[in-house]
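Undergrad: Take these sequences, add in the hints, and give me the full structure.
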Amino acid sequence: MPAPDLGGSSPPTGSPLSTDRFTVFQSSQPISVRATYGPFSTKQTVPARYVVPDPLPVNTTGPAIDLQDLATHHLDMSAHIVRNEIPRDSPVLRVLFHTGTDPGGRRQLLLARHHQRVCIVLHATLGSLSPLHAACSPDGEDGVCLAQITVPSSWWPPLPAPDKDGRPGKITKTPPRLVQVAYSVMEPRPDDAEGCHPKMQIQPSTVLGSVPLVPPKGAYKELKLTEGIMMLVPHPPLFPKSRMHVPVFIDKEKAKVLTAIMIRQVLLLESGFISTKKLRISA
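Residue numbers (the UniProt record's numbering): 1 to 283.
Just to be clear, a hint being listed does not mean it is correct.
Stated by the list, open to error - In silico BS3-like pairs for lysine-lysine, Cα to Cα no more than 30 Å straight-line:
| # | residue 1 | residue 2 |
| --- | --- | --- |
| 1 | Lys-173 | Lys-221 |
| 2 | Lys-224 | Lys-173 |
| 3 | Lys-221 | Lys-256 |
| 4 | Lys-170 | Lys-256 |
| 5 | Lys-221 | Lys-254 |
| 6 | Lys-252 | Lys-224 |
| 7 | Lys-256 | Lys-224 |
| 8 | Lys-173 | Lys-217 |
| 9 | Lys-217 | Lys-241 |
| 10 | Lys-221 | Lys-241 |
| 11 | Lys-224 | Lys-254 |
| 12 | Lys-221 | Lys-170 |
| 13 | Lys-241 | Lys-224 |
| 14 | Lys-173 | Lys-252 |
| 15 | Lys-170 | Lys-254 |
| 16 | Lys-170 | Lys-252 |
| 17 | Lys-224 | Lys-170 |
| 18 | Lys-170 | Lys-217 |
| 19 | Lys-221 | Lys-252 |
Keep in mind the hints are simulated off the structure, nothing from the lab.
TA: As structure tokens, then:
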């Protein structure tokens, strides 16, 4: 913690007030270290395996302060929920993670010397439904990564079926549904050079808060495929790798002989080429 300037003699700005070294004995329970200074307080959880997720080389000759920085670096973590709600027509939960950086580029030196990597696992839960997970690994000079989860359409209240004239049914009000968001820091598998497949938890789960599921921001476009099939196409802002749900309603009486639906997606690329994809839905 930087030393404040109280008008008298004080250490240079940005210098630590004190450095304390201690030994943490192995325990089955998570161990936390808390530091307080005046009204300020911070806490870090000491991971298993003597703080360091990966074994350090035996012939390490780096200064002790470097090893200490390496051991605690990845615990300096910040997480930011990109959007404070999840619309039905843009059903993606995104969380941006950032690991703290060391002054003077020491972070890059330490990571390169000891090949230190972590996986951050994002968790999304709603009541008793099966939880959703996504993982990412901070990399590069900025120490930033983005984890995103596509929330299934079943997490929203069911859409009403179209009326007898084919018009969308009236949506009834329901109690708000809140997705609980949390993350945990994991050690990746040793043989996982590029991906992010968690192996061992090195920091307990941290709760970020709750994000409400909300109705679509825009109106659906009605597409009547046949007499007994209607599709509702959302119109959210699009960008590369956008994700969306397209509701399809089938009238069982009018589509008795239906066995499957083939949906063709056509994209006009900037280069002028056309990209097509087909999706088969069994009835």
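Undergrad: The structure should be examined with respect to each hint, and the outcome stated for every one.
TA: Hints versus structure:
1. Note on Lys-173 and Lys-221: the hinted pairing holds, with a Cα-Cα distance of about 21 Å set against a maximum of 30 Å.
2. Pair hint Lys-224 plus Lys-173 holds up; C-alpha atoms about 26 Å apart against a cutoff of 30 Å.
3. In summary, the hint linking Lys-221 to Lys-256 is supported, as the alpha carbons are separated by about 25 Å, within the 30 Å threshold.
4. Note on Lys-170 and Lys-256: the hinted pairing holds, with a Cα-Cα distance of about 26 Å set against a maximum of 30 Å.
5. A C-alpha spacing of about 21 Å is found between Lys-221 and Lys-254, which places the hinted pair at or below 30 Å, so the restraint holds.
6. Straight-line distance between C-alpha atoms of Lys-252 and Lys-224 comes to about 15 Å, which keeps the hinted pair within the 30 Å bound.
7. Among the hinted pairs, Lys-256 with Lys-224 is consistent with the structure: their alpha-carbon atoms are about 17 Å apart, no more than 30 Å.
8. Proposed proximity of Lys-173 and Lys-217 is supported: the alpha carbons are some 16 Å apart, at most 30 Å.
9. Simply put, Lys-217 and Lys-241 have alpha-carbon atoms about 19 Å apart, close enough for the 30 Å limit, and the pair holds.
10. Pair hint Lys-221 plus Lys-241 holds up; C-alpha atoms about 21 Å apart against a cutoff of 30 Å.
11. Taking the CA atoms of Lys-224 and Lys-254, the gap is near 13 Å; set against the 30 Å cutoff, the hint holds.
12. Taking the CA atoms of Lys-221 and Lys-170, the gap is near 15 Å; set against the 30 Å cutoff, the hint holds.
13. Proposed proximity of Lys-241 and Lys-224 is supported: the alpha carbons are some 26 Å apart, at most 30 Å.
14. Of the supplied pair hints, the one linking Lys-173 and Lys-252 holds, its CA atoms being roughly 27 Å apart against a limit of 30 Å.
15. Our distance criterion of 30 Å between C-alpha atoms is met by Lys-170 and Lys-254, whose separation comes to about 22 Å.
16. Pair hint Lys-170 plus Lys-252 holds up; C-alpha atoms about 20 Å apart against a cutoff of 30 Å.
17. For the suggested pair Lys-224 and Lys-170, the alpha carbons sit about 18 Å apart, so the restraint of at most 30 Å is met.
18. Pair hint Lys-170 plus Lys-217 holds up; C-alpha atoms about 16 Å apart against a cutoff of 30 Å.
19. Distance check on the hinted pair: Lys-221 and Lys-252 sit about 22 Å apart at the alpha-carbon level, within 30 Å; holds.
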